[in-house]
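Novice: Chains C and F: place on chain U using the hints.
One-letter residues, chain by chain:
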Amino acid sequence: MQISYKPGSGLLHRLNPLTKGTVAFAAIIFFSVNNLSGAVIATIIAGFLLICKLSGVALLDVIMSIRRIGLLLVIVALIQGFSVDGFNPMLAVEAVLRIVGVFLVAGVYLTISSQSELTCFWEACFRPLALIGFPAREFALIMVIAVRFFPVILGEIERIRMAQIARGARLNGGGLLSSATALMPLMIPTLTQAVIRAGELAQAMEARGYRVSAQRTRYQRFRFGFIDLIAASVPLLIFYYLLRPFMSE
Amino acid sequence: MIVFDQVSFWYKDKSETSFELKEVSFSLNKGRINGIVGGNGSGKSTVAKLIAGLIPANAGNLDVEGQNPYQQLHQSGFLAGLIFQNPENQIVGTTVEEDLAFGLENLGLSHEVMHHRIVSTAERFGLTSLLRQPVTSLSGGQKQLLCIASVMVMEPAWVIFDEPTSHLDPWARLDFWKIIDEFVHHHGLGVVIISQLAEDLTRFENILGFKAGKLIFNGVRDEFKMADNDVHEHFNFPESWKFESLMLAEHP
Amino acid sequence: MASHVTELKLNNIKVKYGSATLLDNLCGNFTRGQLNLIVGRAGSGKSTLLRTIAGFHKEFSGSIMADDKAFDPSGNISLVFQNPEALFFNGSVGEEVGYALKMRGVLPDEIECTSKKWLQQWGLDPECCWHRHPLELSGGEKRRLALAACTVFLPPVVLLDEPLAGLDVKGQHALADMLKAMATDHIVIVVTHEPEALMTDSSSLLYLRSGCGLWFTPETFLYQALSESDFFPLPHWYSSAVTPFREKPALPRLEAGAVHKFIQEWRRADADKL
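Chains as they are written, first to last, in our numbering: chain U, 1 to 249; chain C, 250 to 501; chain F, 502 to 775.
Certain hints may be false.
Cross-link-like lysine to any residue pairs, in silico, SDA-like; alpha carbons within 25 angstroms at most [unchecked claim]: (1) C:K474 <-> C:L497; (2) F:K603 <-> U:S179; (3) F:K681 <-> F:S548; (4) U:K6 <-> F:A521; (5) F:K671 <-> C:N467; (6) C:K460 <-> F:S639; (7) C:K491 <-> F:W767; (8) F:K510 <-> F:T701; (9) C:K392 <-> U:V195; (10) C:K491 <-> F:A751; (11) F:K643 <-> C:E412; (12) F:K559 <-> F:Y518; (13) F:K517 <-> F:H505; (14) U:K6 <-> C:K474; (15) F:K510 <-> F:S562; (16) C:K261 <-> U:I196.
Using C-beta positions, here's what the derived DEER-type ranges look like [said to hold, decoys possible]: (17) U:I145 <-> C:I304: 18 to 28 angstroms; (18) F:C713 <-> U:I157: 24 to 34 angstroms; (19) F:Q583 <-> U:T217: 53 to 63 angstroms; (20) F:N513 <-> U:P7: 35 to 45 angstroms.
Calculated directly from the structure, the hints in this document are not laboratory data.
Values in this document were obtained by computation on a predicted structure and should not be read as measured data.
By construction, the Cβ of each residue, glycine as well, lies at the ideal position given by its N, Cα and C atoms.
The shape of chain U in the complex, shown without the other chains:
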């Protein structure tokens, strides 16, 4: 049960990655710092899930993953629920709903955003830094490659681990120093392989014409459509709601 990108063509999938990122970011802030009643939060969550369902988001994995934070939810419910005048189930439910809200938004965001969309959002966040010479695009490519090779290298560590244990390595030693030495049979081969891999990748990229100095064009093109306009109202509303107490004075 892993939350990962599931391709789709629904309304939410078609949003501009910048809109997606901003809405998700705003919604997470909203769920963490509102002071609405449990019923209202529950309604908002239900509405959110309904929109997701209607636009064809694969919700099952996200909802099933809530089990993973089950323990956290119980602890939060207990801490928030007990107040000076005994246990108040309403407070506990509200606290739990807030966390579930944050979790669902983050889960859905990761389900509907491909790696390139995540990178696009990343890059947009870093773009202001490009003015002072920060290589935003190269940095984004590094992120993509890191994410791309993460599972590959994990699989490799697992293979090396099994083979070295079979040879007799004891990889979980005692104290800090001894555990560092115990990890040598795992660390050295993994690093060596990672360096070899990086060298091969660099060559393959160069053979496909990659140069840092070159003017590269961009294939991914994200349109800013009518739905984006509607969706963009969500963060605006949220910021209005959050800033309201300061403005009414």
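Specialist: Using the frame of chain U, we list chains C and F on its own:
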């Protein structure tokens, strides 16, 4: 056409007598499967990098379709694609579509041209339904197909494969050779294949044999079969040809 | 000492990977004295089966028995993956080979003596390579050092995943001989895409296809591959050479000399009958 004229290559940090490649001359034509054979350190991978323009020759002249590949790759574009043996280590994008786009972005093409090329290449390689899939969900054979497609989408005149079959199972190897046959004999693509496997050797129509940085055999398949024993010994003469010659000896 | 295991029995093995069933209802034996081969397409579960036997993949039901006792893989197996030279982490060949013995508390003198003997066994001259760095060796030597380092503690069961990949034919033949020598005292199980290079030393072959395991002898395997082209792609020359003779009880191994001799013998036998 690829022409090497007295080409030498050595790494700067080593002494000038330790050649990776020493005064090598040959020419390769499109329309047949060109194979390069040789052991470790024979210089065969150096030849591949020279053709792809990854490294410049230290001495001598080489040109690919009348142009210098090193200058071409570093200034304006792309002459020869190079595909390495491990597909896992040359896929840059996280989805099939992104990986196909990577090389095109480097060429500086417009979105419309890229889109058109990606769609038609994906169709040609049967990857259309996988375009949006994350690369991690592909099988080994599909990953190799993607590597080939990602280079072909850049429309090179030549493609060099560095030990392409060593990571494939026997079924995928057959599929690979079907693709190569199609490329060479129906699409006019120049193909050079580097391999150590004896059975791959039987597929080559033109063979270059390297040993310690020198070209020691250059000829077509039948000439290779007729070559002297030293050559056969050194380059792992395939079992099928041994059998052929046994039968020939029996019924001359 | 556990190295007296002569037979490894699989009873109703069912291997799962997440929610997918990779292998179902697998029964059969791996024996000593020959190479146990496993073949199949990429993704058919060959590597996972090795991991299961090695005790690293826990999602399975059924039992693995070593001579009527439950098999405890811990300390009794060696698991060697493709490109085993990736495992090197010591500064010299001597330390690399001796590592497995050192971790088992063997005395230093004994380590040196055993390691040198074992290097010799794997075709490496201990005198000239003992102090060299493992990564300085040639491709074939590295592979042999890696296999020596993974088996120096004489585990009763040796599991190898594509040990021949990336070697030239001479290297493959040399390695096949060494694996055969190893098989006299150990149960050697080899996953391979090149069964033709190892079949001479084998009498049992497990073919994995769509979740099922089928057991063959090399002869029945060759027979099946000849009559069904998609079953296993044999080299074309071999199929066309022996197809007329596939009804014969014994088919030759995939070597030009052997095939030629086989065909001559059967032709002569047919001529005698007439």
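Novice: Evaluate each hint against the coordinates.
Specialist: Hint by hint, here is what the structure shows:
1. C:K474 <-> C:L497: The hint holds at about 12 angstroms.
2. F:K603 <-> U:S179: Holds - the C-alpha atoms of U:S179 and F:K603 are around 17 angstroms apart, at most 25 angstroms.
3. F:K681 <-> F:S548: Status holds; Cα separation ~21 angstroms.
4. U:K6 <-> F:A521: holds, 19 angstroms
5. F:K671 <-> C:N467: holds, 23 angstroms
6. C:K460 <-> F:S639: holds, 15 angstroms
7. C:K491 <-> F:W767: With a Cα-Cα distance of about 20 angstroms, the restraint between C:K491 and F:W767 holds, given a limit of 25 angstroms.
8. F:K510 <-> F:T701: Satisfied, since the Cα-Cα distance of roughly 23 angstroms is no more than 25 angstroms.
9. C:K392 <-> U:V195: holds, 21 angstroms
10. C:K491 <-> F:A751: holds, 22 angstroms
11. F:K643 <-> C:E412: The given pair, whose Cα atoms are some 19 angstroms apart, holds under the 25 angstroms limit.
12. F:K559 <-> F:Y518: holds, 10 angstroms
13. F:K517 <-> F:H505: With a Cα-Cα distance of about 30 angstroms, the restraint between F:K517 and F:H505 is violated, given a limit of 25 angstroms.
14. U:K6 <-> C:K474: This hinted pair is violated, its Cα atoms lying about 54 angstroms apart.
15. F:K510 <-> F:S562: holds, 14 angstroms
16. C:K261 <-> U:I196: Holds: C:K261 and U:I196 sit about 21 angstroms apart, inside 25 angstroms.
17. U:I145 <-> C:I304: 18 to 28 angstroms: holds, 23 angstroms
18. F:C713 <-> U:I157: 24 to 34 angstroms: At 31 angstroms between Cβs, range holds.
19. F:Q583 <-> U:T217: 53 to 63 angstroms: For F:Q583 and U:T217 the Cβ distance comes to about 39 angstroms; the hint is violated.
20. F:N513 <-> U:P7: 35 to 45 angstroms: This hint holds: roughly 39 angstroms between Cβ atoms.
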